[in-house]
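Q: Here are the chains, one letter per residue:
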Amino acid sequence: MTAPDKGFTLSPNPPQHALHLHRELNRVWANDRGWWGQITAVNHTTLGLRFMATALVFFAIGGVLAMMLRAQLATPAGVFLDTELYNQIFTMHGSIMMFLFAIPMLEGLGIWLLPKILGTRDMAFPRLTALGYWCYLFGGLIMLTALLFGVAPRDGWFMYTPLSGATHSPGINADIWLLGVTFVEISALAAAIEITVTILRQRPPGMTLTRMPLFAWYMLGTSVMMLVGFPPLILGSVLLEVERAFNWPFFEVARGGDPLLWQHLFWLFGHPEVYIIFLPAAGAISTIIPVMCRTQIVGYGAIVAAILALVFLSFGLWVHHMFTVGIPHMALAFFSAASALVAVPTAVQIFAWIGTMWRGQPQMHLPMLHIMGFFLTFVMGGLTGVMLAIVPFNWQAHDTAFVTAHLHYVLIGGFVFPMMAAASYWMPLISGRGRIKGLGEAAFWVILLGFHGTFFVMHLTGLVGMPRRIDTYPDNPEWIWLNLTSSIFSFVLTIGFALFAIDMVLQALLGPRTPRDPWKGQTLDWAMMRPTPSYTFASLSTRPLTPGQPAGEVALRLARGEGLLPGAPRGRREFLVTEIGTGRPDHVAILPGNTALPLAMSAMIGGFVLLMLAGLYILTPLALAGVGVLIWRWGRSLTTPHDHPPVSIAPELSLPVHHHSRATLVQSGIVCLLVANGTLFASLLFGLGFLTVVAPNWPAPLPLRGGMTEAILTVAAVGALALGSLAVRLRIGVVPAITGLAVNLLALALVATLAAMALHDPTNHARDALRAVLTGYAGLHVLMSAGFAGFVWQMALRGELSPNRPGVVANWRLVQDYTTVTAAIVALVVIWQGIAG
Amino acid sequence: MSWLMKSLLGPGVWGVCFSAVYGLHGLGCARGWSDLTIAPSSVHHFAMLGTWLAGIGACALLVIVLPRGGGMQNQLPRAGAWIGLGAVVFTLFPILVASSC
Ligand code: HEM
Ligand SMILES: [Cu+2]
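Which chain is which? The protein sequence lines are A and B, in order.
For the first sequence, the numbering used here begins at -14 and goes up steadily by one.
For the second sequence, the numbering used here begins at 16 and goes up steadily by one.
If a hint is listed, it holds; no wrong ones were tucked in.
Covered, in the sense of this in silico footprint (three residues per stretch, anywhere, with C-beta under 8 Å from a C-beta of chain B), are these stretches of chain A:
{"id": "1", "stretch": "291 to 301"}
{"id": "2", "stretch": "305 to 315"}
{"id": "3", "stretch": "673 to 682"}
I should point out that these hints are in silico values taken from the structure, not numbers from a laboratory.
In this text, a Cβ means the ideal position worked out from N, Cα and C, and glycines have one as well.
Bound conformation, chain B alone:
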C-alpha cells in the first residue's frame, strides 16, 4: 500500500466509524430500535456502542502495527492513526452519556 494511503488510514477509520454510528443512530431512532430493550440498555444503544468499540479497536491496531521511528516517512502514518483514535474516541463518546433519541 502506498505511503499516502497508509497516512489516510487512521482518519479514514474515523470517517467510516462516524458515518456508521450517525447512520445507525438515525435509522434506529426512526425504526424504534431504542424501544427494544436488552438489559441494561437498548438494541439501538448496543449497536452504536459496538460500532464505536470496533472503530477504537481498529485505530488502536493501527497505532500498534504501523512502524515507529524513521523520520517523517513513518511518523505521518502513525500521526494519522493517532488522529483517528483521538477523533473516534472524542467525537463519539456521547454514546456513553447522551440519551438516544
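With the rest of the complex left out, here is chain A:
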C-alpha cells in the first residue's frame, strides 16, 4: 500500500459572488419552515444543538434529583423521602446523568462540530442523526414519565440481578430501565456509526489521518469504543428483559443461569463507558489548550498513541468492578495490573497538555479557567481511582461513599468541566456573540467551591464507613457533620450551575457581536461564516490547514467558492468523499433532504417499547413489521432509475457520484453496523461459554433433543445460506436476486422447522434458553438477508438495477456473508453441544 502522507494539489475554482452562492446553497440545505421544519430537519447543526440542549435539560433534572438526595441525607433521619423513593431517585439520578446527559451530550458535540472541523457539509447519514435524536427523546421521556408516576427503576444504575429480576422487582420499574435505556442506546449506535464514517471518509483532500485535528482522533476513538462497548449492554438488557417477560432463565441460578453474567455484560460496557465519556472531553481540551496558549500542541503523535492504547486497554479492566464477588486471585491480578497500566496513556495526555501550556503563553480566558478546574479535579479523581484499583483497599472502600466521591471527581472533573470549557470556547460560533464580563468567571468559582466542598468531604464519609445508597443513618451520629457539610455545599454547587446557565442564555440573547474567529482558532470550524450556515462551507477546502495557520485566513476564499464543489448548481446536497487512509478524493455523495421518516421510524420503535411495557406481547410483531416497512422505504429513497453524469469538483477534476461507486458511505456504515453486531454475537457466545463453564446448575437436567435428521437439516440450512453468498457474487441481475431470495427463504423454513423439532421449552434451563436465543439470532439474520435479496429483486423488476451502480448488491453481499458466517457458527455450537452432551 502507498504511504498516505502525500498531499494533493487541486487548483481552486474561480471566485464567485459570495451572497449568490449563499442563497443558492441555503435553498438546498436549509430546514423547511416552521414547526414542520423542526420535525423534518436532518441537518447536523440543528440536531447537534438540539442534542446538546436536550442533554442540558436532563442534566438539570438529574441535578434536581441529586439535590433531593442531598436534602434527605443532610440529617440522619430525614423524612423527606422514604426508602422506596430514595432508591428510585438515586437510580434515576445515576441513569439520567450517564445515559441521558453525558452520552447524548458528547454525541451532540460530535455531530455539531465534526463536519465543521473536518470542513465537510454534513454528517454521513443525516437521517440517522435525526432517528438517533428522536429515539433519545422518546426513550428519555418514557423514563421521566415513569418517575412522575412513581414506577421508576430503583435497582441502582447498574441494575444488578437478582435484585432487578422478576422475583425481587415484580413491577414494571426494571422494565422501564431495560427497555428505556436500550431505546436510547439506538441513538448511541447511530451516532457511533456516523461519527466513524464521517471521520474516516469526509476529510479534505490530503488530510491524512496523521494530519487530522486531534478532536477528530478523539472522536474516532470514542465512536469505535461505542461500537464495541454498547452491544454487551444491549445484549444484557435484552436477555434480562426476556427473562422478566417470558421467564427464560439467564441469570437465575436455580435454572442454570448466573447473576454474575449480568455483572460481566454490564461492566464490559460500564468501564469503557467511562472512557467513552472522557475521550471527547479530552478532545475538546486538546483543541482548546493550544489556542488559549498561542502555540501548537506538544506531542501530537504521543497523544494519538495514547488514544490507541486507551481504546484497547479500557476493555481489559471491567472485572475491577467485581473485585468483591469472589474471583480467583490470578484473574484479580490481571485486571488489577491492567487498571494500573491504563494510567500510563492518561498520564501521557496530561503531560502533553502541561507541556503545551509550558511552551505557550496561557491566557486565562474563561475556557482556560474551566480547564484548570478539570486538571485539579480529574487528577484527584485519578488518584482515588488508583487507590480503588488496589485490591485490599477496594475490599475496604467498596460500596461506601468513598466510591461515590471518586466517581463524581472523575465524571464531573473529566467531563463536566471540559464541557463547560467547550461551551464557553465554541459559544461565539454557536451564537455569534461574546460574553458578558464577569458572570462566567463567578459561575466557575462557585462551581469549583461547591464541587470540592460537596465531594471532598464525601471521601471522609466513606472512610468512616458510610455505605452508599442508604437513606437514613440514625445510629451513626459521627456521620452527621460530614453529611451536612456535603449537603450545604451541594446547594452552592447548584447555584454555580444556575449561574452558568444564566450566563449562556444572556450571552446568546444580549452578548455583543464578536468578530469572526475571535480566538484565532487552528481548526476549520473557525473558517465558517456566521451565523453558522446550514451548508457549513460554500466551497470545501482543497487541503488541510497548515500547522499554525489561523483558520480565519481561508474563510473568505471558501465563502467565495474558491474551494472544491462550490455552491449547489445541481440543486442537490453534495459533498466530497475521500479514501480512508490517503485522503484522496473518491466520489461525490448526494444526500437525501429533509424528511419525517426518522420521526416515523422512532415512533414505531417507541410503539414496540410501549407494547412491551404494557405486556401486550402478542401485538409487538405489528410494531416490528411497521419498522420493517419503514426500513424498506428508507432504502427505497436511496435507489435511482438512471445513470448520473460525473460532477466537476475542481477545474481539472471530475468525480463520479456515489451511485456509481462501490465504496459508498452506506457501505462503510454497514461495516460499522456489522462490527457492532459481531460484538453482540461474540458477547452472546461469551455468555454461553461463561454459563456452561461457571454456572452452578449445569449440565441441564434434560438431555438434548435431536439426532441425525436434525443435524442434516442444520447443515442444509447453512448450505442454503452459502448458496446465497455465492449468488450475490454473480453478475448483477435478476437471476441472482431471485436465487438469493429463494435460498434465504428455504434456510428460514429450515431454521423454523429445527426450532420446532429440536428445541426444548426455553423456560426449562439456561441452556435451552440460550439455544433458543441463538436460533432466533440466526433466524432474524436470515430474514434480513431475505429482505435484502427481495429488495434487490424489486429493483431489478423496476429496472433500477445496473452493473454501473454496484452499491446495493455490494451491501447485500456484506449482510449475506455475515448471515452465513454467524449461522454456521451457531450450527457448529449447537451440533457440538449435541456431541459433548
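Put chain B with the ligands on the given structure of chain A with help from the hints.
A: Chain B with the ligands alone, transformed into the frame defined by chain A:
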C-alpha cells in the same frame, strides 16, 4: 494491509492474548486442570504460560518487522506494537507470581 489496520495490530494482539489467557484461566479452574500436574507445575499453568509467551513473541515480531523512521506514518504502527508488547507483558505477568485458582 491498510495503515490503520497496521496500527491496530499491536493492541489487537494484546486483546486476543488477554482474552485467551482469561478464558483459559476460567476454563481451567472450572474443569480442574490445575490438579493435573506436570513437573514443575500444572497443565493449567503451562497452557497460560504458553499463550502468554506466544503473545509476547507476536508483539516482539511486530516491533522487529514494522518499518522504522519516516514520520508519523511509520511511527504509529510501531507505537502500536510497543503498546501491545508492554500491555501483554505487564497485564499478564501475574501468571508468574499468583496462584491459579
Ligand atoms: C450536580 C451535582 C451532583 C450531585 C450533588 C450528585 C450527588 C450524588 C449523590 C449524593 C449520589 C449517591 C446516592 C447514594 O448512593 O445514596 C450520587 C450517585 C451517582 N451520581 Fe451523582 N451527583 C451530581 C452529579 C453527577 C453527574 C454529573 C454524574 C454523571 C455524569 C453523576 C453520576 C452519578 C452516578 C452514576 C451515581 C451512582 C448511582 C447509583 O448508585 O446507582 N452525578 N450522586
Ligand atoms: Cu472501571
